[in-house]
Structures are given as C-alpha cells and as structure tokens.
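Go by the hints and put chain B onto chain A.
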Amino acid sequence: MTNPQTTNAPTDPDNQMTGAAIVLQALKDNGVEHIFGYPGGAVLPIYDEIFQQDDIQHILVRHEQGAGHMAEGYARSTGKVGVMLVTSGPGATNAVTPLQDALMDSIPLVCLSGQVPTSLIGSDAFQECDTVGITRPCTKHNWLVKDVNDLARIIHEAFRVASSGRPGPVVVDIPKDVQFATGTYTPPSASETAKTYHPKARNNGDAIAQAVELMRHAKRPVIYSGGGVVNSGPEASQLLRELVEQSNFPITSTLMGLGSYPASGANWLGMLGMHGTYEANMAMHDCDVMVCIGARFDDRITGRLNAFSPNSKKIHIDIDPSSINKTVHVDIPIIGDVGTVLEDMVRLWRAGSKSVDKTAINPWWDSIREWRARKSLSYKSNNDVIMPQYAIQRLYELTKHRDTYITTEVGQHQMWAAQFYGFEQPNRWMTSGGLGTMGYGFPAAIGVQVAHPESLVIDIAGDASIQMCIQEMACAVQYNLPVKIFILNNQYMGMVRQWQQLLHGNRLSNSYTEAMPDFVKLAEAYGGMGIRCEKPGDLDEAITRMIDTPVPVIFDCRVANLTNCFPMIPSGKAHNEMLLPDEATDDAVANAIDAKGRQLV
Amino acid sequence: MNAQHQPTGSAYFIAKETAKAENHTLSVLVDNEPGVLARVIGLFSGRGYNIESLTVSETEHQAHLSRITIVTRGTPHVLEQIKSQLERIVPVHRVVDLTVRAHELGQERALERELALIKVSGTGESRVEALRLADAFRAQVIDANTEHFVFEITGKVSKVDQFIAIMKPLGLIEVCRTGIAAMNRGPQGM
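The listed protein sequences derive, respectively, from chains A and B. Per the numbering used here, the first sequence runs over residues 1 to 601. Per the numbering used here, the second sequence runs over residues 1 to 190.
Check the hints yourself; a few may be wrong.
To be verified - Subject to a maximum C-alpha distance of 20 Å in a straight line, what follows is the list of computed DMTMM-like cross-link-like pairs (lysine to aspartate or glutamate):
id, chain 1, residue 1, chain 2, residue 2
1, B, Lys16, A, Asp299
2, B, Lys119, B, Glu129
3, A, Lys200, B, Glu87
4, A, Lys200, B, Asp31
5, A, Lys200, B, Glu80
6, A, Lys400, A, Glu454
7, A, Lys375, A, Glu577
Rather than coming from a laboratory, the hints here were simulated on the basis of the structure. As the structure is a prediction and not an experimental result, all values here were calculated from the model.
With the rest of the complex left out, here is chain A:
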C-alpha cells in the first residue's frame, strides 16, 4: 500500500498537526481514497477535518454495520484495504459483525473508532465501551492510541498488519482528546515498524518439489482452490489457470474462491462442499492426490470429517501456519503466499512435464464425465412460476457480457448464485462465506459500486436477508450508486426452512416471513426504483429494464416458494452421501438423517 516515493510531504516543516489531521494525512499516505463511516460525538474532530479537505471521499452510511460491509466489498473488489470510521460505544459495537466477517474471510479492513477522552476511560462515560476489549477476538490486532505522537505510526502499522500475511481487520481506537491534541506526523517511510509482525516467507523449496513429484504420479488428482487465491492477487489466479492447463487436473473451488479459475474452463467441476456439484464432491472423495490451494478445509467443505477424502495424499498451500492440520491432516504442507508458491510449482511442473504420462489420468476423467452426467444441478422447469435457479441463469445470461460484479446475502439464494452464476474472473464475487452474515450483500455492493462507478453491481438477495441492511438504500440514493438488488423472494428464510424440513421434523418454526414489505413501494420510498416480476415469461424484459435503470433498483423476483437447494450433503454426512435433486423426494428428505442421528438432533 505505502510507497515512500509518492508520499506527500506534509507542508508544515515540523510536521506538527492535530491528531485529527494526522488521521487524514495518514490515510492519504496509505493511498486511501474512500472511507465509509458515521459521525458521532467521539469522532467529531476527525469529521471536522474530513469537511476541510477533498482528497478522501467519505461515504455516509445509515448503520455502522453497513460501513463495515461496504469497506469489505470495496476491499474484495479492488485488492485494496477497506476503511471504515465509527464513533465510540454503539458505533464500535455495531462494527463488530463486519469485523468478524472480515476476519473469517481474510479481508483487509482498517476500522478507525472514536473513544471517549483518555481521562474518562473506565468511568462508564456516555457512549463509552471497551472497544479494544470487545474487538480483540474479532480482529487481527487492535490498538488504543493514548499519545498523539504514536498516532501516525500506529495507523501506518494498522494498514501494514491488515494487508500483509493473511489479510484481516484491525481497529485503531482514538480517544477524543488525542484527536484534539497536537503532535508530530511521521510519514509511512519514516515510521518504525513493529518488531514482531513479519509474516515469514519460508523456504518451501523441498516441500514444493515433493508436491510436484506427488502430482506427477497422481492417477486421480484434484485441485481444490479457495479465497486465498483471490487474496493473493490476479497473478495468482493466472498461475492457477496455467497449472491447470499444464497438468490437465480437474479443479473445484470453495465459495470464496469462485472466479479464480473460469467457470467456462474445460477442467472446471463447479463448486464443492455442502451445496457443491456431484462431480466436485465425488472427485474430492475418490481422489488420490488433493492439491488444496488457499483454502482451509471448512466444515461446509469437508462434510463428515472422518470420511473426508479417505484415500488421498493431501498438499496444502496456505499463508497461515495455523490453517495447516487444523481439522484435516495434510501430507505436504506448504506455508506461503499462494502466488509465490504457484510460481515455483508451475516452473517445476514445466521443467519435468516431458516425463509425465499425460494419459495416466484419462480413466479419472472418464469417471468425472460419468459424475457430470448425473447433472446434479438440474431442476424441474416451470412455465407458471419462476424457479429461483432459472432466475439466476437468466440474470447470468443477460449480464455476462457486461462489466459485472455480484454480491450476495446468505442463504439459499447465495448457494444458487454460486451454482448458477458463472464467474470468469477473480474479485467479481463478494459473499460472506465464513461468518455467513445476512445483510452483507447490499452494503458490500455499495462498496463495490463506489470503487467501480461505471460497472454493473448486483446484490443477489433473499427476502429475509435484504431486510437486515435495507437502510443503506438511502446511502445508495444519496451518492447516486445505481446498485441493483435482485431479491429471490420466496417468502421464507429458505435455508432455515430447508434445515427444519430436513433435520427438525418439518416443524417450520419462525422461518416464514410474515408482514413482508412491498419491495416496489419500499424502493420508491427511498427514491430508487422498484420492479416486480412474477412470471417466467416476463423475466428477461424485467431484468433488462433493471440493468438499464441508472438508479438503485430493488427487483422483487417472486420465485417458487418451496424450492430447496440441492444437491446437498446433509450435516454429518460424507461427500459420497449427497442428496441429488432427482433423488430428493419428500421421503428421501425426511429420511436423510437416520434414526440414530435424529436422536442426537
């Protein structure tokens, strides 16, 4: 982020300025152009500085959670650090959800929070909370700045910690008296960095050579890539594509890694995991060599752990040593940046490519073709009601030739989006994977739109999720951010209902969305535009109208209410025990968990 050459030397020869001015100067010197925030008593001096400058644009949100998700969407779509600014007390506590979200999905995020004056800390002052205490477990690191002369150094350090190693969120808590106090500004180049935080670049030479050797002799290989490839930058995705092309290995990806390898690629198996494709999960189960690149064996990926890919040798590339052997034992751990490791891997593969028997994996591809033929994503089309899968497919067809970014909320619509929207490039797909935050998608889309004002940004949403951060419509309208909200409206918390059907005796406890707002009127009330579509025949025209509308749109897509998301690995089952759509009769669904399992429910 920081480039000493481009650092603006502060005009004051002594670099003396107020804490609030130091904040703005430090942000500028760290390349920040946009911040997302909400003012309040304990950050007024910083807002005063924001008012008096034009270099950094402040986006006024309507709830601090929105600011955090906007910063996340901004970060994920640009590769830059996202910045949010909140006040003390409730401002900071409202930031907790996006901080944890960013922690679990490894998104670089700097959260600046105001704090009551140092003399009042600990006195239960108005809008006081122990921000560093509350945010300690949901950040990579956090700081309480007690001396204005530490402020610049700490902000520079915050950007460094957030963006280096495994990226993540950090909090800098700044008491109001520190914002008013005058101190010395040190530019990033002159600031001493902390002694401890230096994510190690390890020498993996042997491990990489071993891994490539293992891959060369694989009969049933599979590449399992994740969000780490996206985080590593576009070069990493390029190298991944090259490795796939050179090796002709089949490749699947986690929810977070979609787009690193193009969905149109010949070796693409589709997403894996709980709602992954049959071919991806069967390949994972039956493979003899698994190459895990920038993914972390999440429980939504592995299914039943003691039945996960039982006969494979596993290679795991991850920048975070704590990800190695956390839940799944791996045979060859490689600790390092995905891009750097892949570079070596591709080079080594190339060097020895002549000795590789290219036909050795042909029988494996035959098996995969058989699995593909099961068409695990198929669904019964319907002429009277819109099937949710069909809605995503049409949305994809009508937007794929454009410069499109997709975000989602969390639930069935998220899985359908992942299954049916084809991602060709990294950084085009923003979703809450680890934390599963309903309410993520819309603010994230706003953040993406801020970074890419000319692009088409669509939040694929559910009728329940969208209501969790709907207030940001006002933000979108205020800044002319023409974000599109595409709601798959089935009047249920669909994924909750699906689990209740599957695992809780079909008792649909509180999963029906009663008192649904009229989304068209809601959009209009905010100053946006609303579109409702109820018939499959009207869908294309309606989607085109949505795309062509230059203001924020809420698209109320009424879909078949009781459709469930398949294929599915029920909780506690193995990859080869998937429920496929054609097998998922009411009976099969009811018996997905055997009697023994149900007693444990």
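Below, chain B alone, put in the same frame as chain A:
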C-alpha cells in the same frame, strides 16, 4: 468448542475424541504492552483450550519483553494448533514448546519450578511437626509468631503438592502458588 472434539464436524453427529491428552509447557515471548496477556488468555478461552498454570512477568525491561509460561493440556494435534494460533498474535515474538524441545534433547521434560507461600497455624505437637517437615522439604520460614508459620517452598509441582497435602492436618490456613517457571536444560536459549 473445537472441531477436533467432533471428528464428524457436525453437531448432529457428535463423536468422542479418542486421542490422548498430554500436558505441555509453553514459553511465549511477548511485547509487554497493554492487553497482551488478555490476547493470550482470550485465545485459550475463545478456542476452548485449557490453562493448567500461567506465569507472566517482564524479563527484559529495556526491550519491554515479557515471558509467559503456560502449562496446557491437549492432544498432540491441539497442542500444535495452540502454538500456531499463539504465533498469529501480533505482539507475540516467539513460542517454544518446552516439552517438545526437551524430548528433542533426549529428556523427559523441561526444568519446571514453582514457588509457594504456605501459612500454617497451630500449637504444641503439630507445630513442631510442621517445622520438622518444613525442614525436610527445605521450606524456609519467612514469617512466624507463637501460633503460626509462613513457609516459602520452591521446587517441582509435585513437591509443592506433597508439602501442602502434608500440612493440611497440621493446621494449613492459606496457600499462594506462583505457577510454573520453566526453561530447557543445556547451554542454548529459547
């Protein structure tokens, strides 16, 4: 708690952990800055790890470095995770598993010592007996009047445990233990 306690990875099918838990002693070198201890123990409570003993003090005043000694209990796999998770904490410089290091050096365990202050009150025969035993355990009397002693005892945990157990019937009033201080044998540093 931890996924490793549920090998199925599902709350709908909980299976028992079968691997055997062991006690290990970790040395953690950290920047002595506000909140650093909270980060370390928050990690243990947040991820469901055990703390059997915890000792912390600044060891290098000029560099503001503190050394935290933690005795923890877990399966080898959990212990490895604890070490990796500790290393992620920004102000943590180094984490050394002293028990593993001792095994590498061909020893059963690292040097581990604890200090305890023990107050015993009584008169007559039990008082004489307490003093006699204290002498046998090389405990020092650091405070006394005609009705009580305060002993200072240093040694292995087992020795301190034993001494306390013996003092119980002889009028044990109060115990304060420091937790374990530990390092490896041999000329090398941590």
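Item checked: Hint numbers contradicted by this structure -> Result: no hint breaks.
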